[in-house]
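Just so you know, the protein sequences line up as chains A and B, in that order.
Counting in my numbering, the first sequence runs without a single skipped number right up to 76 at its last residue.
Counting in my numbering, the second sequence runs without a single skipped number right up to 601 at its last residue.
By construction, these hints were calculated from the structure, which means they are not laboratory data.
Think of the CB as a built atom: it goes at the ideal place given N, C-alpha and C, for glycine as much as any other residue.
Heads up, some of the hints might be wrong.
Within a straight-line C-alpha distance of at most 25 Å, the following computed BS3-like cross-link-like pairs (lysine-lysine) qualify [claimed, not checked]: (1) 27(A) with 7(B); (2) 423(B) with 499(B); (3) 22(B) with 13(A); (4) 19(A) with 35(B); (5) 27(A) with 22(B); (6) 6(B) with 27(A); (7) 52(B) with 143(B); (8) 143(B) with 92(B); (9) 107(B) with 52(B); (10) 567(B) with 499(B); (11) 22(B) with 19(A); (12) 100(B) with 128(B); (13) 66(B) with 35(B); (14) 214(B) with 332(B); (15) 27(A) with 35(B); (16) 395(B) with 423(B); (17) 240(B) with 414(B); (18) 66(B) with 6(B); (19) 423(B) with 362(B); (20) 143(B) with 108(B); (21) 236(B) with 214(B).
If you anchor each label on the Cβ, the simulated ranges turn out as follows [said to hold, decoys possible]: (22) 143(B) with 40(A): 50 to 56 Å; (23) 6(A) with 22(B): 25 to 31 Å; (24) 26(A) with 143(B): 21 to 27 Å; (25) 71(A) with 122(B): 55 to 61 Å; (26) 51(B) with 12(A): 53 to 59 Å; (27) 53(B) with 21(A): 43 to 49 Å; (28) 57(B) with 42(A): 50 to 56 Å; (29) 22(B) with 12(A): 26 to 32 Å; (30) 71(A) with 51(B): 31 to 37 Å.
Next come the chains, spelled out residue by residue.
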Amino acid sequence: MSETNSEEFIIQKLQFTQKRLNLIYQKSPLAFISWNREGDIIDLNQAAEELFGWDRFELENRDFISTIIAEEDRDV
Amino acid sequence: MSRGLKKDGSIINCSWNNAVIKENGSVEEVISIAKNLSNDLEQEMEMLKLVKAINETDNWVVITDKSGIIEYANTTVEEITGYSKEEVIGNKPSLFKSDKHNNRYYKKLWQTIKSGEVFNDVIINRKKNGDYFYSEQTITPIKDHNNEIINYISVGRDITQNEKLRRKIEYISNYDILTGLPNRRSIRNKIDNLIEINSDKKIAVLVVNINRIKYLNDIYTDPENDRSLINLVAEKINNKAANNQSCVKIDRENHLSYLGGDNFAMIVDNLDSINQIYRAADNLLTTFSDTIDYNYEPFMLNARIGISIYPDDCIDSQSLLSNAEIALINIKKNDYAFFDQKMNQEIKQFTKMEAKLDQAIKNDEFIIYYQPYYRGVSKELYGMEALIRWQNPTKGLISPAEFIPILENSQLIKKVGLIVVKKVVKSIKNWLDAGYKVVPVSINLSARQLEDNNHLKDIYQIIGESGIDNSLIKFEITESSAMDDVNYSLKVMNKMKAKGFSISIDDFGTGYSSFSYLQKFPIDYLKIDISFIRNMTLSSDGKNIVESIINIAHLLNLKTIAEGVEKEIELNELNQLGNDFIQGYYFNPPMPAKEIEKIYS
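With the rest of the complex left out, here is chain A (with noise of 0.2 Å):
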């Protein structure tokens, strides 16, 4: 009883700290951009979405450098 609990407890509370986190990551006036170790993207912003100017489902699966740095600073 008090395993399943605690067991549920503790989902529950990951699942508060990922919402909270997420919440940053959606909100904050920073630009975020997430990429693999592909170097694609699989996340980004609102912030980075404004900064960018592309939408989120645009960016998702494209290669991070080539598309948001500037060419000549790429091998940076």
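With the hints as your guide, set chain B onto chain A.
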């Protein structure tokens, strides 16, 4: 810093932070966080532009803190004032202060801006090298969110050039370009000004017409010479005018303005009488009594002066000038005339009379009569009054009423005054030499004589040098002239008393007296005016008045002399009222010195 690429291909300046999320040593995810720097940069660029604009503007800009310490100065400040920024920053704006505004002005400036208002005015400032510059200045207080003043921004435009231009325009409109003399507009402004300051005060406008001066000027003026013939003549007239206190200056240098053609104009004020005007006019005309040398050539010029009077003739500057010009018509050369014909008549009579009086002085036609006065009760001789008479060779003895007012209106009164003193002194000496028991003689002094300290000194000197005792001279001063300037009168009287002269107040009761001054004045006698004596026997009121005068006099420790006593009944009443001395036909009329000798012997 990597520049970001927008969807539309444009580039944004960003600073990036990469948060790398690793799982078991290998990178799972990177969160690249971009901060847009473009806005900051734009603002910075904007600021740079503004700073550049402020620096490069023709306006000088100074920003102070709330206590007035300069925090910022633009490059124009350096250019205009000659102070470097280092010298200016940390200093106060008073660094630029000139002596051209009074403290009240600066106080008002600070009051305005401290109250949060914008100050706007043309300020005369001073450069580092001491030069002045005109600055059209706007000082704006800057407030913070709490509405408190944190800075003052002072923006100024150096309008010295404009100001010079403005003054140039002013000069051109007020001065005759060829001669540099004030023009018609200029003298009109001056006249309007004088009338505005005091509309009750008389002024005279003199238009001086110098015959053919313009023509001669055009022909003879030497281009090499820095002044023209007109300038030379104007200078001579200006010099005469400068010595006449009644002549009004139009600007810093000139009394005379040039109306154009052959006409000039000037203003005479402080007109106690029209004689002052004619004296000024006469004096101006003496400029032309001799030849004037210009460029080694003698010019015999002549002039005529037309005169109009404010407010008698007209009340505006334009009519005053044109009436004076009208008055020029029909004047013969080297003469003057008034616009008003009646005044012309008066002045003619006056000048004639004055000239005759002047001649009378030269011919020694003035003689002294003496009218004794006696103790009322004992009828013992006590003193006598010296009275002037004019013995004209053709008209005989002329009454003082006819010539005394003219003497008093001119400087001649002083000349005649000294003659009287000399003659009186001489008579007294003669009587003393003859062994008579001489009584004091009183001499009348007019207001004109009293107001001139040097003249009084001359009188004291004549008496002093004669060797007769000062106690043998009394001075009679009319009530009105004594009360004219009481403090001055007090000084004069104290001096007389200190020298041992007695003082009588003449015509007592005819003017206005302040009893507190009567008490302060070191006087000895009050002369009761003849009009009171005449009325004394006619009504009880008349008697009461005389009684009051006598009582007041005695209260003030003064003796009374009743003038014009003719009848025994008057004498008796005066004695009854306690009057001290009696003068009049009852005893003697005014008599020549020879007759007096009969009384003495």
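Provide an ascending list of the numbers of those earlier hints which the structure does not satisfy. 9, 10, 13, 18 and 24
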